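If you want the building blocks of each chain, they are given just below.
There are 2 protein chains.
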Amino acid sequence: MTNRLEADTTKITEALAPGKSRRNRPGRIRERNRDCILAAAEREFALHGFRGTTIQGIAERAELPKSNVLYYFSNKKRIYCALFDSIMERWNAMLSEIEPEDDPALTLARFIHAKVEMSRTHPLASRLFAMEVIQGAPIVKDHLRTTMREWVRDRSGVIQQWIDDGRMAAVDPVQLILLIWSSTQHYADFQAQILLIENKAEYTPEDFDHAADFLTQVILRGCGLEVPSAEAIAEAAEIAEVQAG
Amino acid sequence: MTNRLEADTTKITEALAPGKSRRNRPGRIRERNRDCILAAAEREFALHGFRGTTIQGIAERAELPKSNVLYYFSNKKRIYCALFDSIMERWNAMLSEIEPEDDPALTLARFIHAKVEMSRTHPLASRLFAMEVIQGAPIVKDHLRTTMREWVRDRSGVIQQWIDDGRMAAVDPVQLILLIWSSTQHYADFQAQILLIENKAEYTPEDFDHAADFLTQVILRGCGLEVPSAEAIAEAAEIAEVQAG
DNA sequence: CACTTTCCTGACCATTTGGACAAGTTTTTA
DNA sequence: TAAAAACTTGTCCAAATGGTCAGGAAAGTG
Chain P
1 MTNRLEADTT
11 KITEALAPGK
21 SRRNRPGRIR
31 ERNRDCILAA
41 AEREFALHGF
51 RGTTIQGIAE
61 RAELPKSNVL
71 YYFSNKKRIY
81 CALFDSIMER
91 WNAMLSEIEP
101 EDDPALTLAR
111 FIHAKVEMSR
121 THPLASRLFA
131 MEVIQGAPIV
141 KDHLRTTMRE
151 WVRDRSGVIQ
161 QWIDDGRMAA
171 VDPVQLILLI
181 WSSTQHYADF
191 QAQILLIENK
201 AEYTPEDFDH
211 AADFLTQVIL
221 RGCGLEVPSA
231 EAIAEAAEIA
241 EVQAG
Chain C
246 MTNRLEADTT
256 KITEALAPGK
266 SRRNRPGRIR
276 ERNRDCILAA
286 AEREFALHGF
296 RGTTIQGIAE
306 RAELPKSNVL
316 YYFSNKKRIY
326 CALFDSIMER
336 WNAMLSEIEP
346 EDDPALTLAR
356 FIHAKVEMSR
366 THPLASRLFA
376 MEVIQGAPIV
386 KDHLRTTMRE
396 WVRDRSGVIQ
406 QWIDDGRMAA
416 VDPVQLILLI
426 WSSTQHYADF
436 QAQILLIENK
446 AEYTPEDFDH
456 AADFLTQVIL
466 RGCGLEVPSA
476 EAIAEAAEIA
486 EVQAG
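Read top to bottom, the protein sequences are chains P and C.
With the working numbering applied, the first sequence has no gaps in its numbers, which climb one by one up to 245 at the end.
With the working numbering applied, the second sequence has no gaps in its numbers, which climb one by one up to 490 at the end.
No lab work stands behind these hints, which were simulated from the structure alone.
Wrong hints could be hidden among the right ones.
Subject to a maximum C-alpha distance of 27 Å in a straight line, what follows is the list of computed DSS-like cross-link-like pairs (lysine-lysine) [said to hold, decoys possible]:
no. : chain 1 : residue 1 : chain 2 : residue 2
1   : P       : 141       : C       : 445
2   : C       : 322       : P       : 76
3   : C       : 445       : P       : 200
Computed from a predicted model, the values in this text were never measured in an experiment.
Could you put the whole structure together from the sequences, leaning on the hints where they help?
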């Protein structure tokens, strides 16, 4: 009954205490329930937005009493913020550095594929982010103004260098990043529309591959670049993963 | 005190009764208030989604008592639906027909420009639509399954014909339409993100022109098409407008 | 002008909301 | 194993919600 206000700080026990079995490690209950609540909240918030989501709704989806949810997160906003913390962290992890020496075509192709993959594996996070931004980004405003702005500045600098070196057509680098961002995001955010138009009940894994290939083709060609082979892209992605891991 | 339930049908008096002055034409109060409520509702729904929007909030923005709002629209859902009726109508009006004989480059360029223009003139409608689709399109589901599917089928048929005739590169026509849709929509829906990244308080009119030109360049080139001059695009748009009017 | 229709709105209501809290149970620790 | 810490949850509450309704004001009509 003690730590009510600080109850929603992340990762109390970072590493397992030595000698404790995994099953009985302290904090495991907290971890399990937090994860469960966050998963439920992600669905609810992505479905109804911040104001439209009720704690009761989250609780029901998590199959916990409302009071229990409020034990772990002192109020609705904290749940919402906790979600964005983990979403932003994940994005930062994915969006790797690029260097002027890198190959433009391979780098862009890899970025497109990674972003589509993100839409496939984390569609709810994508929709949640979309909702937040549509509503004026009240929570992630700071993050966009700082981290993401910097991220875009760095990347567009490298792209501009590629252009100056004559390695690709002269297109506005920021616009190019926005184009890749929006067209890839779209598969997660507008899933309902796409499925209805294509008369399908669900995406198949190939849908994402096709989408990524299509986007790579059109955008790279649009930038005056040769489209690398699928193998080359996959290979580049693997190298990047090894470097990151 | 009579027509409470049918109060929210559109356009009671289609034409002005002859001999009536415009100021005193019956139904003018209804029309004015309905418009006012719908404008307020558009902002609120685009900002908070369906569940997150309150009638009280709409009423306050429209500077009317809540009861008055409920006099014109018997419940929240009716307001929401009325909005989508007008949005869909506007879109249908904009999205003109295309023929296999048309020039691919000019037609696509015009479509991109028209869509960006839509993001500029009706950003709230765009965001409202985005919210609706993210939430699974509960209201516009039918429209997407019928009208919009047909629309995409027709267009992609023509594009496929262009490809078969060797007039453009072989790209998936449906994916192409989705790409144009998403990249143009993005400027309205993710306005907050773009402005924060570009460190601006507001869009300038040129921002939209730049965006449209950029997208035209990259997408058309990506489809193996020559990019028409800005004048040619503007001219084609005017001709289309005359034909539509 | 009288009378009908349309418009307006304050008062009201059942339900839901976010959240506080106390009294309990379970788990961890010394 | 007993005390401490962590966890659980039913109960409660004030405020907000969607929506009703009756009764009055204004506008339109013959």
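Hint check:
Using a Cα cut-off of 27 Å, the hinted pair residue 141 of chain P and residue 445 of chain C holds, with the two alpha carbons roughly 13 Å apart. Taken as a hint, the residue 322 of chain C and residue 76 of chain P pair is honoured in the structure, with Cα atoms around 25 Å apart against an allowance of 27 Å. Annotation: proposed proximity of residue 445 of chain C to residue 200 of chain P is violated, straight-line Cα distance about 40 Å (limit 27 Å).
Violation of the numbered hints given earlier is confined to hint 3; every other hint is satisfied by the structure.
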